[in-house]
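Respectively, the protein sequence lines represent chains A and B. According to the numbering used here, the residues represented by the first sequence are 1 to 402, in order. According to the numbering used here, the residues represented by the second sequence are 1 to 402, in order.
Hint data in this document are derived by calculation from the structure and do not stem from the laboratory. Among the hints, erroneous ones may be present.
Here chain A is said to cover these stretches of chain B; the calculated rule only asks that three of the stretch's residues, wherever they fall, bring their Cβ under 8 angstroms from a Cβ of chain A [stated by the list, open to error]:
(1) 87 to 100
(2) 135 to 145
(3) 326 to 339
(4) 344 to 355
Please read these numbers as outputs of a predicted model, since none were measured by experiment. Even glycine gets a Cβ: it sits at the ideal position worked out from N, Cα and C.
There are 2 protein chains.
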Amino acid sequence: MARFAAAVPTEPPSRKRPKAGTSASVSISFQNCAHGPEIAAAPLRPRGRLGAVTVLALGALVIPALTSPGQAQTPGKSQDTLMEQARQQFQPIPENPPALPGNTATPAKVALGKMLYFDPRLSASHAISCNSCHNIGLGGVDAEPTSLGHRWQHGGRNAPTVLNAVFDKSQFWDGRAKDLEAQAGGPIVNPVEMGSPEPHVAEQLRGIPGYHEAFAKAFPDETDPITLANVQKAIAVFEATLITPNAPFDRYLKGDPNALSATEKAGLALFMNKGCAACHNGINVGGATYAPFGVVTKPGASLLPPDDKGRFMVTKTPGDEYVFKVPSLRNIALTAPYFHTGAAWDLRVAVSVMGASQLGIHLTPEEVDKIAAFLGSLTGEQPQVTYPMLPPSVASTPQPQP
Amino acid sequence: MARFAAAVPTEPPSRKRPKAGTSASVSISFQNCAHGPEIAAAPLRPRGRLGAVTVLALGALVIPALTSPGQAQTPGKSQDTLMEQARQQFQPIPENPPALPGNTATPAKVALGKMLYFDPRLSASHAISCNSCHNIGLGGVDAEPTSLGHRWQHGGRNAPTVLNAVFDKSQFWDGRAKDLEAQAGGPIVNPVEMGSPEPHVAEQLRGIPGYHEAFAKAFPDETDPITLANVQKAIAVFEATLITPNAPFDRYLKGDPNALSATEKAGLALFMNKGCAACHNGINVGGATYAPFGVVTKPGASLLPPDDKGRFMVTKTPGDEYVFKVPSLRNIALTAPYFHTGAAWDLRVAVSVMGASQLGIHLTPEEVDKIAAFLGSLTGEQPQVTYPMLPPSVASTPQPQP
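Bound conformation, chain A alone (with noise of 0.2 angstroms):
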C-alpha cells in the first residue's frame, strides 16, 4: 500500500489498517517541490513543514508512474490490474466494528451510547442531540452548510460523517480530537453547539432516573460512573457500530469483478491515476492524513475563508495554516453540501474543485461524471438502528435552559 505522509504528526495507524514495516506500508512523503519524493519503509512521522502542501500535487504526478497508463480502459487482464491497484490503496469496510483501545464495548455501555446519542437533553435546550447533526438517516450528517446550534447558532464548519468514522485517524476537520471517545465531549459542552456547561452534563444526567441503571449496567466497576468521560465513552462505543460495509465498492475489493459498472472502474481508475487517492486512500477513502486545501490553485473564499486557518488553530505551526483532515468519501453521495464550508452541493463540482486546487488540473466533464460514478459505489449498507427508548424526565430533572 502507497502512503503519503503529510506535515503534521502523526499517530500510530488503526487497528484495521495494515502494520507498518510490512512490504504494502512502504510509505512515500515529499520534503519540498524541488526534491521529488522520497520512498521508505520507516514509520510515518512528522515531516518538513511544505511537505503537506506538495504531496497532493504531486500526487497527481507521481502515482500514474506506478501503473500502466490506461489500464483501466481494456478488458480482460486489466481489468484484474485495477482490482489489484484498488487493493493496493484501499481496504474494504469490516463487517463489525472495530474494538476501541482501552473502551471495551459491552451490549450495556453500546445501548447506553446509543440512547445517549439520541437524547436532546445533553443539551442546554434538551433540544439538539448528536444525530440533530450527524442524523444516521442522512449519511450521518445533517444536509446543512453548517449547523444550527444551541439558540439558533450556525457552527463554523460542515458537520462531519458519523458513519465510519471510527476509521478516521483523528476526528473535527482540524484533528483535534484523537478518537470518538475525545470528540463525543466537545460538541455537548460547546456553547455555539449543544451548549451544555460541562459541570452540567452529568448533573442532568443524574437527575434522569432511568440513567442511573443505565450507566451502572454500562460501567460496573464504578460506584459513582454517570461523568462526561463516560458519556464519552458510551457515546464512542456507540459510534463505533455506525459503520457502513458491503459498499459495491468493497464488494470489489473483496474480489467481485462485476461490483463495479464500467463507467464506476473507469472512475476508479482515473481517482487513482489522476492522484486523487494519494489521499483518498485506506479504508475510509480519506480520513487518514492532513492535507491543505488550494495546494495548487485557491479556491474561493466561498470554499476557503480566509478566517478560518483550520489545523494550524490546533498546532499554531505556520505550515498547517489552511490545512484540515483529509474527509473521508465513504457514502460520499449522501452527504451533500460538501468541504468544511459546506459551500458546494454538487458532488461533481466538488469533485471539479479538487481536481483544479489540489491536483492542479482540469477534469473533463466526463471525467468528472466517472469519478462521481465511482464515488458512488462506496454508499454501503447503512446502519439499521432501532430507535432507544429514553428514560423519561421527572420533577427533579434539571429543566431546559433553551
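With chain A held as given, fit chain B onto it using these hints.
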C-alpha cells in the same frame, strides 16, 4: 360506559370505541349546575354553553354514587367489582394500529410516512422534523414546556404526544384538526414551528430524487403524487402505528387481576370515584372530550395564561373560553412537563391541581400518590421504530433557509 358530554360539538366515536346506543353507551351530561344529571341513551351532541363548565365539577359528586363506597379497598369480590367498573369506563389499547377512514395504510405508505416523520427537510431550516417535538424516544413529546421551532421561536403550547394520538377524537390542544391527517399539515407550515411556506413543501420534496419513487409506491394511482396532502396522508398512517399496547392497566382491563399492584388499584379506584374518569375515560383515558381548565378554581396564570383562550380561538363561542381538549393520560409518566403550558413538571402536582381546579376537592398526599401510581400503570409498550434511511439531498435540492 358512562360518558360525559362536553359543551362543544362532538364527532362520531372512534371505530375503536363502543358504539353509541348499546347498553354500555349511556351518556350523562349536564345542562347546568342547578339541574343535575340528565341520563340519555341518545348519541352525543352539542349541549348548552354551560355543559362543559359543569361536567368536571359534578363528576366528582356523581361518579361515587354509581359505585359502592370503598369497594376497591376490600379484597375478593370487590376486586372483580373494581375491574368491572374500570371496564365500563376504559378500553385497552389494541395490539394493531387502527385503519384510517379514506387513507389505507399500505406498507409503502407507512414507510414513506416514517421517512417524512423523521425528515428535517420538511422544515425551512432543514433542522426540525416531526420527531424533534414528538420524539418517539421520549414518550412522543420533547420534554420541554413548549417546543423550540423555526429560528428558536417558542411554540404556544406544550407539544402533545403522538403516541396513541390516533385514538383522540381530534388533534391539538384546541381540537382544531379533526384527525392526524389534518394535524400533520399544521406544524410543517406554521411559521413558529417548522416554518415551510405551504407551496414549498412539495417543491422541496420534488427536489429530492429518492422521494419520487417513494411517493409513487405509496400513491400508485396518482400521476403527480408529491403533494402536501399526500405528505399528510403518509405521515398519518405512520403515526397511527405509534400505539402503546399492553400497559399494566391494559392487561388489567383484559382480565389479569395481578397486572396492577394494590397501590395502583387503590389509585384506579380513587381515579374513578373522585371524578377524574368523568373526563379521562375511554381508550386513551382522555382525548375524547373538551373541558374548561379551572371549572371550580382557576389555577394561577402560570398554568392558565389569560391570553390563551383555548378552543374559543377555534369556535369563537363564548362558552369555549379556556376550554381545551382533555388530554390522554396514556404514558403520562413519560411526558412531563404537564398541562397546555407545560408549566408543571411534577405529576403529583398536576394531579393535585386537577383535583382542586376541576373537581373542587383537596386530594391528600396519600391519595395523590395512589393516583400517580395508577397513572404509571398507563405506560405501555413503546413503538419499536427502525430509523429510516432518508433519500439524500443533491445539487438540485432546494437548500435550507435557516
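Results for each hint:
no.: 1; hint: 87 to 100; verdict: violated (count 0)
no.: 2; hint: 135 to 145; verdict: holds (count 9)
no.: 3; hint: 326 to 339; verdict: holds (count 5)
no.: 4; hint: 344 to 355; verdict: holds (count 5)
In this structure, the one hint that does not hold is number 1.
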